[in-house]
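Residue numbers (our numbering), protein chains in the order written: chain A, 1 to 127; chain B, 1 to 198.
Everything labelled a hint here was simulated from the structure, so no lab data went into it. In this text, a Cβ means the ideal position worked out from N, Cα and C, and glycines have one as well.
Partial chain A-side listing against chain B, Cβ under 7 Å, derived:
#, residue
1, Leu14
2, Glu22
3, Leu23
4, Ser32
5, Tyr39
If you want the footprint, here are the derived chain A segments under chain B, 3+ residues with CB under 8 Å:
#, stretch
6, 2-9
7, 42-49
With beta-carbon atoms standing in for the labels, derived distance ranges:
#, chain 1, residue 1, chain 2, residue 2, range
8, B, Ala10, A, Ser44, 12 to 22 Å
9, B, Asp140, A, Glu49, 45 to 55 Å
10, B, Asp140, A, Lys50, 47 to 57 Å
11, B, Ala195, A, Ala41, 34 to 44 Å
12, A, Met119, B, Asp52, 50 to 60 Å
Now for the letters of each chain:
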Amino acid sequence: MKESTRNMRILDALADQAAHYELEFGAPTKESRAAGARYTALVSDRFAEKRREELERVRITTERRPIRKSLLAMGRDALLAQLAKLEAGSPTLSFAHQDLTHISDDDLRTMVDDAVWAMEQDSDETR
Amino acid sequence: MVECTFQSEAWRSEFERQMSGEVHERLYRAARARLRMYAGRTKHVNDADVDDVVMAALADTFDGTLSWNPEKPLERHLLDAIAFRVRDQARYKHRHVEEAFEEESDAIAPSMLGDAGEVLDLRMIADLIVPEIQERAGDDPEVLLLLELFGDGLSERIDVMGDARMQPAQYDNAIRRLRRLTRQLPKQTREAVMAALT
Numbered sequence: 001m002k003e004s005t006r007n008m009r010i011l012d013a014l015a016d017q018a019a020h021y022e023l024e025f026g027a028p029t030k031e032s033r034a035a036g037a038r039y040t041a042l043v044s045d046r047f048a049e050k051r052r053e054e055l056e057r058v059r060i061t062t063e064r065r066p067i068r069k070s071l072l073a074m075g076r077d078a079l080l081a082q083l084a085k086l087e088a089g090s091p092t093l094s095f096a097h098q099d100l101t102h103i104s105d106d107d108l109r110t111m112v113d114d115a116v117w118a119m120e121q122d123s124d125e126t127r
Numbered sequence: 001m002v003e004c005t006f007q008s009e010a011w012r013s014e015f016e017r018q019m020s021g022e023v024h025e026r027l028y029r030a031a032r033a034r035l036r037m038y039a040g041r042t043k044h045v046n047d048a049d050v051d052d053v054v055m056a057a058l059a060d061t062f063d064g065t066l067s068w069n070p071e072k073p074l075e076r077h078l079l080d081a082i083a084f085r086v087r088d089q090a091r092y093k094h095r096h097v098e099e100a101f102e103e104e105s106d107a108i109a110p111s112m113l114g115d116a117g118e119v120l121d122l123r124m125i126a127d128l129i130v131p132e133i134q135e136r137a138g139d140d141p142e143v144l145l146l147l148e149l150f151g152d153g154l155s156e157r158i159d160v161m162g163d164a165r166m167q168p169a170q171y172d173n174a175i176r177r178l179r180r181l182t183r184q185l186p187k188q189t190r191e192a193v194m195a196a197l198t
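Please model the complete structure; the sequences and the hints are all you need to start from.
As structure tokens, this is what we get:
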């Protein structure tokens, strides 16, 4: 083996020893603390970027569907009747809101729309 | 079992749990000590050089080039990644140049010549430092034996101790003496290393 290759191996081993020694007996310095803070910031930024990407993906997949036109034309009484009809026709259906007196007409339309959409999905899956 | 990828939320949670400012700080010190040895313990190594190595090890871990299993210690993985990166750079360039020279190729691309310059510098540095240490260890057979075994490719404590038939205390003392020699390289050697690096 060439002498230079052996010397390179020895230099590698000396570098290993230097790193081990530093970790075992060395102490933090102003520079090492500053570097640690730089790496922490880098990692935090990368993780935050990843979380933003995932939130964006969730936002896109859960973005609101437009409310059906038939519901937009309904008044409050018709919407409440539609909800009652849906509940009666599907015993497993339940709503987060039991007291509907404070729910706006738009939110009632959303509730009916979500319930109809969920029932359509169920019926698609069972076909 | 947690998926070994940055895409997995469980992987990222475990990374964040194990990673701390203290670990980051230690990565800097280990990388700096390693790089400084390759630079003959001169002041040639700066913060940007260390940052390049540590940040590359982190990036390789995030993009999956170097896989980290969250059931294993993260600090050990990153220290190994740093060692691998520094060594592999040198080795890759080393092979690159040897192949080009051994083939006596007439068609050496300009980029290869650029690499060759760097590799020859590194080899020159090893050829400057190692014989100097060997000469200064002339009357210390244990240190000379360690250097011999390092040259054979052994570097793990347990392997070197086994082949050298040394007891742990004996090995630790020999390493301490070797370390002292690397810290006391003569001025002309360090100047020659600096000249090779600049």
